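Q: Given chain A's structure and the hints, the job is docking chain B onto it.
Protein chains in written order, with our numbering: chain A, 1 to 366; chain B, 1 to 366.
Straight-line C-alpha distance at most 25 Å; calculated DSS-like pairs for lysine-lysine:
1. K296/B - K356/A
2. K362/A - K296/B
3. K313/B - K362/A
4. K356/A - K313/B
5. K126/B - K41/B
6. K313/A - K296/A
7. K313/A - K362/B
8. K313/A - K356/B
9. K313/A - K313/B
Quick caveat, the hints were computed from the structure, so don't treat them as lab data.
Bear in mind the structure is a predicted one, so any value in this text is a computation, not a measurement.
Protein chains: 2
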Amino acid sequence: MTNNDGRWFAVIMAGGQGTRFWPESTEERPKQLLDLLGTGKSLLRMSFERAASIVPPSNILVVTGRMIASMVAKDLPDLPPGNMLVEPFGRNTAPCIGWAALHVRRRCPEGIMTVLPADHLVMDEKAFSVVMQLAMERAQSAGTIVTIGIRPHRAETGYGYVEGGRVVSGPVLEAVRFVEKPDRLTAEHYLQDGNYFWNAGIFNFSAERILSDIGRFLPALGQGLDRLGKAMAEAGAAGVPESLLEETYSTMQPISIDYGVMEKEDRGAIEVIPATFGWSDLGSWGSIYERLPCDKDGNVVRGGTLPVLVDAKGCLLSTSRPGKVVAVCGVDNLVVIDTDDAVLICPRGRDQDVRKLTEIMKSHRS
Amino acid sequence: MTNNDGRWFAVIMAGGQGTRFWPESTEERPKQLLDLLGTGKSLLRMSFERAASIVPPSNILVVTGRMIASMVAKDLPDLPPGNMLVEPFGRNTAPCIGWAALHVRRRCPEGIMTVLPADHLVMDEKAFSVVMQLAMERAQSAGTIVTIGIRPHRAETGYGYVEGGRVVSGPVLEAVRFVEKPDRLTAEHYLQDGNYFWNAGIFNFSAERILSDIGRFLPALGQGLDRLGKAMAEAGAAGVPESLLEETYSTMQPISIDYGVMEKEDRGAIEVIPATFGWSDLGSWGSIYERLPCDKDGNVVRGGTLPVLVDAKGCLLSTSRPGKVVAVCGVDNLVVIDTDDAVLICPRGRDQDVRKLTEIMKSHRS
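Chain A on its own, in the form it takes in the complex (with noise of 0.2 Å):
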């Protein structure tokens, strides 16, 4: 482990919702908090073991929600307790990232960071760690902003791209535009071109270089986080009240780091370093339904599901009630998925409009 004399930090995004996991995921329990691979650890565990083999736990910042806060500690005993920021209410990874790199700046002014989703998978954990100390070291060396870019091996319409374009040091590109998902077309264009690269979601840089940015592509967002800067300084180890930090979260527009940074940043400003560790967003039952192994039809069973099956194929069952039987005759590539509370039935194909039902469930509550 480099650690570049404890200048560099990484910071988990650990705030997600994640609704289409639905009904495994819910308010009190999101999508990071899930084992949904079987591994015995949750995203979020697997995600904090992957940063701490960049820098060590001293260093990880988590910032989460007030709702899981106390599942997040509970999940992440190695993570020092002062290293858990907790917003008071979700803003998008804007705000987040900015609130973070205060914290950042504050226990060290020339401090690199990584930012890290909670809730993506990496198969190749050793190839994820070498791409990223490159990463940090060239967001410190160069002050740039150093973004991942995964290599499609399929024209992927799930995903944001990065197009990467010359090359500016060994294998960092520098990054030409960052690009929302395409249709299958342009995706396939993509694959071809073999300039396009998903966007990962992770980005590399100075704390003191993504506040200035903030600052000048979102000047609100940078005077409640100037605000906040000054109160963290005049508070110092007894940390900013509460009501504060509420006052100004409520003042903050939520936003992406993507769409209201990146987007904006001057050429040359942006650097991808592609790479292939096995990543995937695990947007969907369907990205379950593809890492898991599958019988000789193509059916996946996770957990402790009983599974009966007459004349079906391609189809995911799980239940949460170990040796519950989920019996499935005549319907080809169906997802079931079972909880206490809920039982979801749709195409593997469809499975992206969980989020319509989780809308009409609290359409229906309130």
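A: Chain B alone, transformed into the frame defined by chain A:
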């Protein structure tokens, strides 16, 4: 209520296993004990109340199995305890009816009995009662076997039929023959013809007549029943020792009264009274779907299920856990039946295959 001086008896056959309603029906709680239509009463309870519109509860006998005897008793508190006949093993309907006939004959040598399945549905109870009075009177006065034929209103391939012949008296027709479940074309011919009726499994005859006919067509069963009859006469009120009943039952071949007796009867021995009282054998989840009210998209929701539907039509949703969400997206005509122990998913047209699923489960267990 007519009861002809206590000569009339009703025998409710409540020994069925009803595997087609798995996972709600189980060996411990078969179909007849379920409230499949949400009426607040089990099918058995409804059958009992129908029987009580023809004969007093003291003249109703209920034949059932050991595993569910206590639940039957609980469901029918107004059934005199001595009127429940518990078979040591299920041996299909011929032994069951023969044994019940011994009891009827002992109570009343000239007893007339109607044999009723415990797990069928009758919508028009009043029409049922009127037809049954007529059938009992005919069985008593003519000494024939009188069956009820349901006038078909669709070309049903899931039922057996009885063909009506010449008029013998008022609405009573000669029964020409019993036929097994027909194919689609034959069923359409039956519907057009007008002389074919659904065999509802309801038979009326004197106890003496059926015991004599069993002796003639099923001599081995007849001998077993003779032994039991003699033992009953000797034992008197004490009843036949359980061990003798067990021993005798173990020698009996399982056979249905339809196949073992009715199909072998001479021309003229059986009569049929056509009837229309909203009958169904409730043979599958599909038949439950058809009996319950649906929303504008043809979706039917049972019990305390909270449905969440997106782009779904013609589904039957059910959970035994009140308040549990059943969410279906992008699927049509699907049956979803959830209990604490299992969840079943199959297309409505395939729900006859549920039996297959239960067989697979049994083979897994053994």
